[in-house]
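Novice: Listed in order, the protein sequences are those of chains A and B. Number 16 in our numbering belongs to position 16 of the first sequence; there are no gaps in the numbering. Number 46 in our numbering belongs to position 46 of the second sequence; there are no gaps in the numbering.
Derived by calculation from the structure, the hints in this document are not laboratory data. Small disclaimer: the values here were computed from a predicted structure and weren't measured.
Covered stretches of chain B, as calculated for chain A (at least 3 residues, CB under 8 Å):
1. 123-129
2. 167-178
Heads up, simulated DSS-like pairs for lysine-lysine below, C-alpha to C-alpha not over 30 Å straight-line:
3. K120/B with K91/B
4. K154/B with K91/B
5. K154/B with K65/B
6. K64/B with K10/A
7. K101/B with K120/B
8. K26/A with K65/B
9. K60/A with K77/A
10. K91/B with K10/A
11. K26/A with K64/B
12. K154/B with K64/B
13. K156/A with K77/A
14. K10/A with K120/B
15. K154/B with K26/A
16. K154/B with K120/B
17. K188/A with K166/A
18. K91/B with K65/B
19. K199/A with K166/A
20. K241/B with K91/B
21. K156/A with K188/A
22. K10/A with K65/B
23. K91/B with K101/B
24. K91/B with K64/B
25. K10/A with K26/A
26. K154/B with K10/A
For each residue, glycine too, the CB sits at the ideal point set by N, CA and C.
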Amino acid sequence: MSEIDLIPSKYRQLLLMRLYWTRFIKLALGISIIAMLIYLVLSIQLRELNNELRALQREKAISTLQRDELTRLTAEKENLDRQWQLLNGLRGGTSAQDMFHAIDQALQGEEVWFQRWEFNRAGTIVKQKNNAVNAGYFIVLPQNGNNKGSQAWQIKTHMTISGEAKDHAALSQFIQRLFSHEKIIDIKVQSTSRRQYEKLQVVQFELVVLVNNHAKVS
Amino acid sequence: MSFLFKRNQPKVQLGAIGLEFSLEQINMVQLERISNTRLQVRSWLSIPYPETREDILENPFSFKKLINQCFRTGNFSGRRIVTILPSNQQKILSVNYQLEKDLGDSETIMQLMTNRLPGKLSDYVIDYLPVRSSVNKNSRHAVVVAAPEVEVLKYLQHLNSAGLDVEQLEIGPTAIKRLVGSLSSPSEGLNVLVVNFGSDSSYVTMISGRRLLFDEQINFGEISVLGQMSEVLEMPAEQVKELVLQLDLTAQNSHHDWQDEINNTLREMVLMLLRPLADEVNRTLIYAASETRGEAVEHLYILGSIARWPGIQVLLSELLGLNVEIMPNPLSAFNHESSDIAQKDVPEIAVATGLALRGIELYE
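Same shape as in the complex, but just chain B:
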């Protein structure tokens, strides 16, 4: 009799799992669509690594153990995944090029990459995303990704050994672009700048509507900022981080004068350390304006390590003169069985959510 009841059950379209090995934790999100209605989060998790990411990625046993732990913890269905390479194993470049006669985009990009990548080109896996063609039809722009083939195959082999079927291996910026697209209404053709703070370096991604305009890695990370602060404050970096996370960098007129003084000191120090970032962002904004024919950037989202510092968005707004916001909860755009998900602050799963969106696109 069970088959009679099954007929009445709503049709569930399951997406591949979005999986990201970020610097400090593994993030996984799976979406599903029930009877062609709004997307729903089937399961998600963000588990800190028991050891360093490099150790886990080097050791197949630890890798498999961690994956199994994730599947035991989360209510995931299937083993199909969409994932990205760890950020240190790939190089993302924004490339402008002139299309040469008798050569296609691929050949021209390959020629360009020959000069930009160390070693032989055949040692790399290279893919690109055409961004736009300017008025001059031969002038092109593309986001190009290159990763050592050995690293790619090793990563894929680890995933395969752990029983995962990799449907697509893409890049973080496209996942962010997809997430931003799902967070804004389809009618909005917004220009959005996203700054994803990492420990050693950060990524600046420019999105125009549904297009990825630009993605660049900048040498600005939490470790370097904390390092400089610890030198000035003559404190260990860990203590400086605790201090920064406890205090609100924008708070004024607290109960104690000494607390205001600390806040001000830290605020001035952080403002000073954020200037290189602001300069990079300003350069990106100028470039974006040229690419969007003068259209303004409506939102600047920040996420990642430094985005967790209380009040950091206010300081960046002061520096850039832009509306800077912390990336909204990625899961807030979707239904979820547990009602408290909208209140949870889980910006770290933004990339995994963007990958999960791709995961469900693959089967629609």
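Only chain A is shown next, with the shape it has when bound in the complex:
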């Protein structure tokens, strides 16, 4: 059954529109509030993450510094080790006294006599060889802190002997005796020549005696 209703249709439409707008505004407001809350939560989380990241970066920076310091110290240690080995090499090996003793044993009679005697212990830079680090002759020197293509110091001990022998046979026997000594690696005859004195003819010679630095001191 129909009923009387004096509410104008345009008023109902107005109310309906107002209702829709109110709902829309409430919805938009709700979404905005939720978005703001999410933004706030995410901002807080982001800030916390940034703080953690910064802390990690600080820790990483510290560990990098420590690593650099360790590398530096390692390099310094290696350098000092090399210097120590060099110094030790230069200091160690066969002493001059031992050499005198070895030469003295090789001398027999008065057939060979010395005019000049030099005992040298010196390092020379040579190309690095494999497994030469602890060979005793070589001390590896890094180039620019890097071992690639490095060179090594070769410690050599040698004697340069200038003297005269009665004849070549005496010289030869002297060399043979000296060569048989365990501390002698090699003997190079640099030069021999005859020298005539008024009553005596002698052989003047110059020898280089290479000494084994690893040979134990007797």
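Given chain A's structure and the hints, the job is docking chain B onto it.
Specialist: This is chain B only, laid out in the frame that chain A set:
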């Protein structure tokens, strides 16, 4: 755990609140139906205005204040209402019309109203209630309501500003018709005449069964009756009203002769002043008889201001030769938590109760 208990609670169907701004008070009624049983009154009130109705309806602040006071006082639920315009802001007409060719009821009624309403038709909100079609299919009858759109929108805006959602804006006679229908048993197809007395004018409503047959405003009101009595008695109208309300117009053989004499004087005077009303009612009865094909009017209910005068129904019965009764307590047809409601005489909430009935129909 509370949700477990809620399941066992009976289902309550709440109706929209019936709200009426009558001449002297605001009336509100809300009904509810619990678990599909009989209707029950949830809350009702009738509060006299702190100032005149016009002042309240003009002032949004006073309007809102009064509404808030009502909601604080009564145990109402929700803000949905069914209401009517104040009687002075609408015009109710009973219209007979011939349906013209190619025109519907609406268009024909609009054409008729063009001649009956001052100003432009577009300035009004118009609605109508078809009453019946006679044997001649083109002869129609309708109750037509017209109200200035400005007044309607202003009233709706006031209600909206006060936080009320207006579900329907209807008219008093339909509310009365609905109430009368609920007071009588459904099997009764009674013809009932209702006279609602106002201060300046009154309304005569003819109801046949569930149909509103006729509604007419007549120039008969309490103020004019009291005015004429005060002139004759040479007393202020307020004192005359007090006197009328204190005395029983039908009382005879009281303890004092002077009291009988006053009663008789007043009785004769009121009888004389009621004659214009009786003439109007008789005309309505003749019209009703023609509309109901000779069926008699079984009840004539009166309500409103003059209906409160003691013994007035007896005087009207004498004048009309009909069984005139004061409108039964509108709330007596419903259950109520307080048992004394049936004893309360609150005929002024009849319209609000009829509106509340519509309020619950809307959600069923």
